[in-house]
Amino acid sequence: MTRMASQQVNVSQRRQAALDRGRKIGSQILVYAVLIGLLVFALAPLVLAWFTAFKTREQIIFDPYGPPIPPRLTNIIEAWTVGNFSLYFKNSAIISVVDVIAMLVISSLAGYAFGRMKFPGQRVLMVLFLVGLTIPVTAIVIPLYLTMRDFRLLDTYGSVIVADVALAAPIFIFIMRAFFKDLPSELHDAARIDGCSEFGVFWRVMLPLAKPGLLTVALLEFLWSWNDLLLPLIFLTSDELRTLPVGMLFYQGRFSVDYGLMSAGVIIVSLPVIIMFLFFQKNFVTGLTGGALKG
Amino acid sequence: MNITKRQTPRAGGAVTAREAAASRMRRRAQSWLTAYLFLLPAVALYAIFVLRPTIEVFVLSLYKWNGIAADRQWVGLANFQKLFADTIFWQAFRHNLTWTVVIVFFNVLIGLVAAALLSMNIKGRVIFRLGYFLPVVQASIVTAMIWRWIYNPDGLLNASLHAIGLGSLARGWLGDFTLALPALAVAAGWSGFGLSVVIFLAGMQGVDQTLYDAARIDGANSRQTFLYVTIPSLRNVITIVVILAMIGAFQAFDIIWATTRGGPIRSTEMLATYMFKKAFTENQYGYASAVAVVLCAIILGFSSVYVSIRERGND
Chain D
237 MTRMASQQVN VSQRRQAALD RGRKIGSQIL VYAVLIGLLV FALAPLVLAW
287 FTAFKTREQI IFDPYGPPIP PRLTNIIEAW TVGNFSLYFK NSAIISVVDV
337 IAMLVISSLA GYAFGRMKFP GQRVLMVLFL VGLTIPVTAI VIPLYLTMRD
387 FRLLDTYGSV IVADVALAAP IFIFIMRAFF KDLPSELHDA ARIDGCSEFG
437 VFWRVMLPLA KPGLLTVALL EFLWSWNDLL LPLIFLTSDE LRTLPVGMLF
487 YQGRFSVDYG LMSAGVIIVS LPVIIMFLFF QKNFVTGLTG GALKG
Chain B
3 MNITKRQTPR AGGAVTAREA AASRMRRRAQ SWLTAYLFLL PAVALYAIFV
53 LRPTIEVFVL SLYKWNGIAA DRQWVGLANF QKLFADTIFW QAFRHNLTWT
103 VVIVFFNVLI GLVAAALLSM NIKGRVIFRL GYFLPVVQAS IVTAMIWRWI
153 YNPDGLLNAS LHAIGLGSLA RGWLGDFTLA LPALAVAAGW SGFGLSVVIF
203 LAGMQGVDQT LYDAARIDGA NSRQTFLYVT IPSLRNVITI VVILAMIGAF
253 QAFDIIWATT RGGPIRSTEM LATYMFKKAF TENQYGYASA VAVVLCAIIL
303 GFSSVYVSIR ERGND
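Listed in order, the protein sequences are those of chains D and B.
Numbered per the numbering used here, the first sequence spans residues 237 to 531.
Numbered per the numbering used here, the second sequence spans residues 3 to 317.
Because the hints were derived from the structure by calculation, they are not lab data.
Zero decoy hints are in this set.
Here are the computed distance ranges between Cβ atoms for each label pair: (1) 514(D) with 83(B): 50 to 56 Å; (2) 362(D) with 83(B): 34 to 40 Å; (3) 230(B) with 260(D): 19 to 25 Å; (4) 171(B) with 314(D): 34 to 40 Å; (5) 172(B) with 246(D): 55 to 61 Å; (6) 517(D) with 100(B): 30 to 36 Å; (7) 115(B) with 330(D): 39 to 45 Å; (8) 74(B) with 362(D): 30 to 36 Å.
As a list, the in silico BS3-like pairs of lysine-lysine whose alpha-carbon atoms are at most 25 Å apart: (9) 447(D) with 354(D); (10) 125(B) with 260(D); (11) 66(B) with 279(B); (12) 518(D) with 417(D); (13) 125(B) with 518(D).
In this text the structure is predicted, and so the values were computed from the model without any measurement.
Cβ atoms here follow ideal geometry from the backbone N, Cα and C, with glycine treated the same way.
Put together the whole structure using the sequences plus the hints.
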């Protein structure tokens, strides 16, 4: 009796173990199925556009979703020359590069003042910039347009650059402030005793130590200004000044059925950002999530 | 500061003490001046191009103005009276709410599930994270163009439906009154959920490991651990992701402007597109500013909750 019972227990235990293992494999399969499904959802639209950019019109009609075999550059060359994308690319590059340089200067100076200096009115100014973190561009775009008109900046690169920098300044000032605040103050005192001016301390001692912060500022500011649609759409009216996103918006109106040219445009807009992203993946991710999780 | 203090007693005498005090004052004033000079470019730009327009939008909302005429006509709160009786405004407001629901679904539900699965022992985790994040860095115009194409009558979505035998569901998605709005919101969800995946992953790393150990000892399975340990520990992070989604959803403009422009027959009209049309195509700057003020109030409400949570998290 007891032997039979123990045998039965043994059998059921073994069966239970097999069942558990089966369930475990089953749940593993489910986990990977969900993750891969999401990956397809995330990448399929992009891959489709990238494939299409390298196909001829015939290839697009006969095999709309397959890979481009052989890959052709005709669409990209056509978009670059006939579609004016070389011009739009130049405009976008000028605006984004000047944006980044201006933002590096402005946010590091102000971030340093907030993080390492003491002066009357500090709290008030901090709160004022904190408010800036919450003001949405969409809500102030009308008076901003009128301001640009008053300054006679409409339809110049300057309008977009100045607005981009002013609007994003608060977030980057707080990023730089956090970097400077955490540097040891012995460095500052030592440099001062060695006869460095306050600006010298900032420029020669502190700024080189804040390089990771500067990289984050440069990458995010580039990403945002490169991808921005609203401000250049409103401020720039002549075709010679259009940025890539605005150019694409109008281009789409003219060539909406030409998938080949459209996806060539997609490649031209996103290639610089994707290359940067692949090189500085970590900085992008921590910059974007750090902005959300802590100041 | 230290140096002057040390020197004072050695020098002695009332005159030198006063001199020392004066030089201390001078030095302090000089360091203040340096600080102000450091701040000048940021403060100037910010005051002219952010703060002043923010005040100006409230002022403009009290006028009737075509944007060109020299004199603006004061109308008090009439723009708001008109706005709250405007059916298109309420329609747009409801569309923003629908948009919010879809975005919150993508960012919170999908984001949380993906992050939870990725935080398990997964092969190729880097690839998944990279893949989910790639849409996040795409320009809104790219998102709009690709998805417009997917939703076309001869686009990828209909082709896939035909391929799996659901051809009867195929339609021109963006031409459909009821489906255009959720279809575009899905495109916005596509471009945003990867960010919340990495936010949740970062949050999950901060969860107290002993809670997981305790749950395992108590015999909790992975689903129970997720529901009763992970989610409660991520309360603040979830709130932040929800609020960020709401802030984004009420500003929705780019994807709609690049595809339907609010159509067909206003079925995708949003507060931002309505404001844009009123200001820049109909030249009703006062009325458009009233829309902007409402938009601003809604978003400031969300953001102040967000900032207060974030500040609390920092303490």
